[in-house]
Each structure stands twice: as C-alpha cells, then as structure tokens.
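> Sequence:
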Amino acid sequence: MKTFKICMLAALILITSGQILSAQSKKEKSEQKAKDIKEMVEQQRFTIDVSRALPMSGSSINLTSPYSLEMRGDSVISYLPYYGRAYSLPYGGGDGMRFTKTVNDYRCSFNKKGTAEIKFTARTDDDTYRFNIRVYPNGSSSIQVLPTNKQTISYDGEINPKEDNKK
Numbered sequence: 438m439k440t441f442k443i444c445m446l447a448a449l450i451l452i453t454s455g456q457i458l459s460a461q462s463k464k465e466k467s468e469q470k471a472k473d474i475k476e477m478v479e480q481q482r483f484t485i486d487v488s489r490a491l492p493m494s495g496s497s498i499n500l501t502s503p504y505s506l507e508m509r510g511d512s513v514i515s516y517l518p519y520y521g522r523a524y525s526l527p528y529g530g531g532d533g534m535r536f537t538k539t540v541n542d543y544r545c546s547f548n549k550k551g552t553a554e555i556k557f558t559a560r561t562d563d564d565t566y567r568f569n570i571r572v573y574p575n576g577s578s579s580i581q582v583l584p585t586n587k588q589t590i591s592y593d594g595e596i597n598p599k600e601d602n603k604k
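The numbering of the sequence shown is this note's numbering, which starts it at 438 and goes up by one.
Here are the in silico distance ranges between beta carbons for each label pair: (1) TYR528 - GLN588: 15 to 25 angstroms; (2) ARG482 - SER577: 16 to 26 angstroms; (3) GLU595 - LYS538: 19 to 29 angstroms; (4) ARG560 - TYR528: 16 to 26 angstroms; (5) ASN548 - LEU583: 13 to 23 angstroms; (6) LYS464 - ARG535: 35 to 45 angstroms; (7) PHE547 - GLY521: 27 to 37 angstroms; (8) GLU468 - ASN586: 35 to 45 angstroms; (9) PRO598 - THR558: 21 to 31 angstroms.
In silico lysine-lysine, DSS-like type, Cα no more than 30 angstroms apart, as pairs: (10) LYS549 - LYS463; (11) LYS538 - LYS475; (12) LYS470 - LYS550; (13) LYS549 - LYS466; (14) LYS463 - LYS475; (15) LYS550 - LYS464; (16) LYS549 - LYS464; (17) LYS550 - LYS472; (18) LYS556 - LYS538; (19) LYS549 - LYS475; (20) LYS550 - LYS475; (21) LYS556 - LYS470; (22) LYS475 - LYS556; (23) LYS556 - LYS472; (24) LYS464 - LYS475; (25) LYS472 - LYS549; (26) LYS466 - LYS556.
Keep in mind that the hints were calculated from the coordinates and are not lab data. All values derive from a computational prediction rather than experimental measurement. Yeah, the Cβ is synthetic: ideal placement off N, Cα and C, and Gly gets one too.
Could you build the full structure based on these sequences and the hints that come with them?
Set out below in structure tokens:
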C-alpha cells in the first residue's frame with residue numbers, strides 16, 4: 438500500500454510538471470507568433486486570408502472559396518468578394534474588388550496590446566478604396582473597406598506570411 442501511495446505521488450508530480458512546461462511552451466509560441474506578425478506588418482509583406490464577409494446590409498456571409506488581401510511593399514493585391522449596393526458602376530459591371538494597385542497614404546501603428554492598425558488608399562479606374570485593417574497578435578484580422586461608389590463592407594480572416602516568405 439505504501440508503494441502505491443509513492444507511485445501515485447510521483448505520477449501526480451510528473452503530470453503537474455508536464456502541464457507547467459506545456460503552458461510555458463504555449464506562451465513562448467504565442468509570443469513568437471506575435472513577434473513574427475509584427476515583423477510581417479512592419480515589412481508590409483503579408484496575406485490576409487478572408488473567411489467571412491460582413492456587408493453593411495444583410496447578415497454575415499461565410500466564404501468557402503479562397504479570398505485574400507495581400508500586401509507587397511507599396512502594392513496591394515485585392516481578391517475580395519463584394520456584397521452590397523453599388524451607387525455607380527462602369528459598363529459591364531467592372532472588376533469589383535479584384536485588383537492590383539499601388540498603395541497611397543500608408544500608415545501603420547501598434548497599440549499597447551500589440552494590435553496593428555493599418556490604413557491606406559488604393560485607386561482603381563472604377564473607384565477609390567480606403568482600407569482600415571486591424572491585425573491582432575494572435576493572427577486574426579479584420580478589414581474594413583470604404584469604397585467611394587459602393588457601400589462599406591468588412592471582412593474577418595487570418596494573417597499569413599507572403600507565399601515566397603514561407604519556410
């Protein structure tokens with residue numbers, strides 16, 4: 438019976454120490470992820486894979502196709518769906534929010550919690566788009582797009598490294 442108690446005590450100590458080590462490694466992983474995300478945002482080289490669209494009118498739409506917004510230094514590649522009211526469109530409907538353009542008025546700041554706030558403008562032949570992006574330290578992101586000739590729309594997604602930077 439005494440041997441059983443000693444074995445149980447030893448097992449309890451091993452389990453407790455394993456949980457402490459696991460918690461430390463999770464914390465280290467989240468800190469490393471936050472550091473990597475901050476570096477990507479500062480270098481303006483990242484992709485936000487969008488999983489949900491939130492139009493101004495109507496309910497949120499879960500996206501099943503791969504949509505994204507990619508920053509490449511001074512350029513933005515927008516491959517985003519649009520749901521909402523357009524006030525004016527070119528003949529044939531235009532390209533929507535699918536474009537590759539140069540970024541204007543790029544501003545980026547970080548708050549005390551490490552959340553990045555990115556603002557910039559992109560001008561296409563059809564419209565001018567103001568982007569307000571929030572990137573959280575855990576990788577989740579929100580994008581708000583304010584077009585001149587359409588209703589505002591928002592997106593939720595996850596930030597990922599630009600494809601050629603992935604290891």
